[in-house]
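Protein chains in written order, with my numbering: chain D, 531 to 824; chain L, 531 to 824.
Just so you know, the hints here were simulated from the structure itself, not pulled from any lab data.
Do not take every clue at face value.
As the list claims (entries may be wrong) - The list that follows gives simulated cross-link-like pairs (lysine to aspartate or glutamate, EDC-like), each with its CA atoms no further than 16 Å apart: (1) D:LYS633 to D:ASP622; (2) D:LYS564 to L:GLU691; (3) L:LYS633 to L:ASP620; (4) D:LYS774 to D:ASP622; (5) L:LYS564 to D:GLU701; (6) D:LYS774 to D:GLU701.
There are 2 protein chains.
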Amino acid sequence: MDLNEYMATCIAQVERELNRLLPAEDVIPTTIHKAMRYSIFAGGKRLRPILCMAAARACGGQEENALIPACAVEAMHTYSLIHDDLPGMDNDDLRRGKPTNHKVFGEGIAILAGDALLTEAFAILALVRPVPLYSVRDFIAELAAAGGSRQLIGGQTLDLEGEHKQLNKNELQAIHLGKTAALFTTSLRLGGMTANAAPEHLDALTRFGTHLGLAFQVVDDILDITATTQELGKTVGKDIAAEKSTYPHLLGLDGAREEANRLTQAAREALNDLPADHVEPLSLLTSFLLDRTH
Amino acid sequence: MDLNEYMATCIAQVERELNRLLPAEDVIPTTIHKAMRYSIFAGGKRLRPILCMAAARACGGQEENALIPACAVEAMHTYSLIHDDLPGMDNDDLRRGKPTNHKVFGEGIAILAGDALLTEAFAILALVRPVPLYSVRDFIAELAAAGGSRQLIGGQTLDLEGEHKQLNKNELQAIHLGKTAALFTTSLRLGGMTANAAPEHLDALTRFGTHLGLAFQVVDDILDITATTQELGKTVGKDIAAEKSTYPHLLGLDGAREEANRLTQAAREALNDLPADHVEPLSLLTSFLLDRTH
Chain D
531 MDLNEYMATC
541 IAQVERELNR
551 LLPAEDVIPT
561 TIHKAMRYSI
571 FAGGKRLRPI
581 LCMAAARACG
591 GQEENALIPA
601 CAVEAMHTYS
611 LIHDDLPGMD
621 NDDLRRGKPT
631 NHKVFGEGIA
641 ILAGDALLTE
651 AFAILALVRP
661 VPLYSVRDFI
671 AELAAAGGSR
681 QLIGGQTLDL
691 EGEHKQLNKN
701 ELQAIHLGKT
711 AALFTTSLRL
721 GGMTANAAPE
731 HLDALTRFGT
741 HLGLAFQVVD
751 DILDITATTQ
761 ELGKTVGKDI
771 AAEKSTYPHL
781 LGLDGAREEA
791 NRLTQAAREA
801 LNDLPADHVE
811 PLSLLTSFLL
821 DRTH
Chain L
531 MDLNEYMATC
541 IAQVERELNR
551 LLPAEDVIPT
561 TIHKAMRYSI
571 FAGGKRLRPI
581 LCMAAARACG
591 GQEENALIPA
601 CAVEAMHTYS
611 LIHDDLPGMD
621 NDDLRRGKPT
631 NHKVFGEGIA
641 ILAGDALLTE
651 AFAILALVRP
661 VPLYSVRDFI
671 AELAAAGGSR
681 QLIGGQTLDL
691 EGEHKQLNKN
701 ELQAIHLGKT
711 AALFTTSLRL
721 GGMTANAAPE
731 HLDALTRFGT
741 HLGLAFQVVD
751 DILDITATTQ
761 ELGKTVGKDI
771 AAEKSTYPHL
781 LGLDGAREEA
791 NRLTQAAREA
801 LNDLPADHVE
811 PLSLLTSFLL
821 DRTH
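Looking at chain D on its own, in the form it has when it is part of the complex (with noise of 0.2 Å):
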């Protein structure tokens, strides 16, 4: 199968279903409408949504079935992409080569963009079909754990603590655990639970992304070193800048190159505790995520 392709199909019907669900521009307000789109239709690369929709074929399922987690993951992301580029977070001007939220809507209005969207996940994961083991409640409670102060906030709050610190990989690794990790996992877990999959499936779908969200952020340590500003879409060299803590500066960039490979074996065998017939998506993400180069 070509991965290009499947993904292609999978972006292009969650854009159309984003756009869909979220309030058009010409909505009142118009400001805030025109700002949550800005961000949610800023080219972001939907790798939340494919894991969701892959995750549900993986599990016996279809992709179609799983497009209303699909975008309600995507809506969390974005809010936390938002929150995370203010001047009192991260303070960055640019994300996926374009101006940051705040910086076209100005901070009142790139708050406010973030809080709609976060709300706006859970109206939207609230159109699920409920399936035979798990009830809309399962649905919600799964992606509000995954966004709360124990997970996502939780790796923010970390990450911010740990600005200007000399952090060990232990404490690195549980602001990705947190800001990575755990919103890879929620995606597919929720993927899987439109497919009506067995609990021990949800196990591995979370060994899966746990370990695949470690290596994303390897891979994504290594390339502010290694790539060019036009192919990242945003500032090079800024960890360093920032003084912040990389997997490359505690492990130096063979060492990350290595780490990276190893959680990527362990993401891989956890995908062997899936029934084997549909899980070719899932594993070719996994060598493209490894190999990408922005």
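Starting from the structure of chain D, add chain L where the hints point.
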């Protein structure tokens, strides 16, 4: 019945339940949990939880059964205050007589604490017990709509855009319908839903909450002029300082008092469309909110 006693009982139950539901201060990362608890236990009036519980009673149910949505709306209200006080929004140093969240914890943590309480609102509401007429999906959709970009966040957006402008009465009302009336109304409706209220009773609660919310805001504007800083627990005259449009500014102090009376009367009339047996707490609360001095 003694309204003060009724309110004190509701408040004690809500605070016990919030304490049980929110992560403890020693849960890692401790900073975020301290910041969340700082604002949610900062001595708020718990008006929205009380409305929620009194609406359950008015619809023939019990206050205790409305505790979960009562805590959810208070979490949502508290997040909106934290974000509203940020330097990028209203830039307030004082709230309920105490330093605002970002003054104590810094701007980054305050953004995250707001995000976490918003997320927690849905985590809490997912625990609600469904009733024959209303599913978990209905409860979540109700809160997400009230908190979203057309209502609560819509009101904040209009408020931001209206600064330093001379608004007319319709524009001012649009702000308060979003910022205040939406969450009042949803607090009442969620309480009614726990009592399996008939749709026409939810409609009556919507009319009641809309007028009560607007009346509340007119009284707030009047108190910003007539009360002392000590009574209010926040800086008096800050509306004038911020060149914000207010009801007394538009209608004069006497005109604003007439408007508050008129809206309160309209709220009272909506209560006539609820069963008469248990409506006393809501009725007493209506007078209490009109006549308050802080």
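For each hint, the structure was consulted:
1. D:LYS633 to D:ASP622: 9 Å, holds
2. D:LYS564 to L:GLU691: Given that 16 Å is the threshold and the Cα spacing comes to 14 Å, the pair holds.
3. L:LYS633 to L:ASP620: 13 Å, holds
4. D:LYS774 to D:ASP622: 14 Å, holds
5. L:LYS564 to D:GLU701: 20 Å, violated
6. D:LYS774 to D:GLU701: It holds: about 12 Å lies between the C-alpha atoms, which stays within 16 Å.
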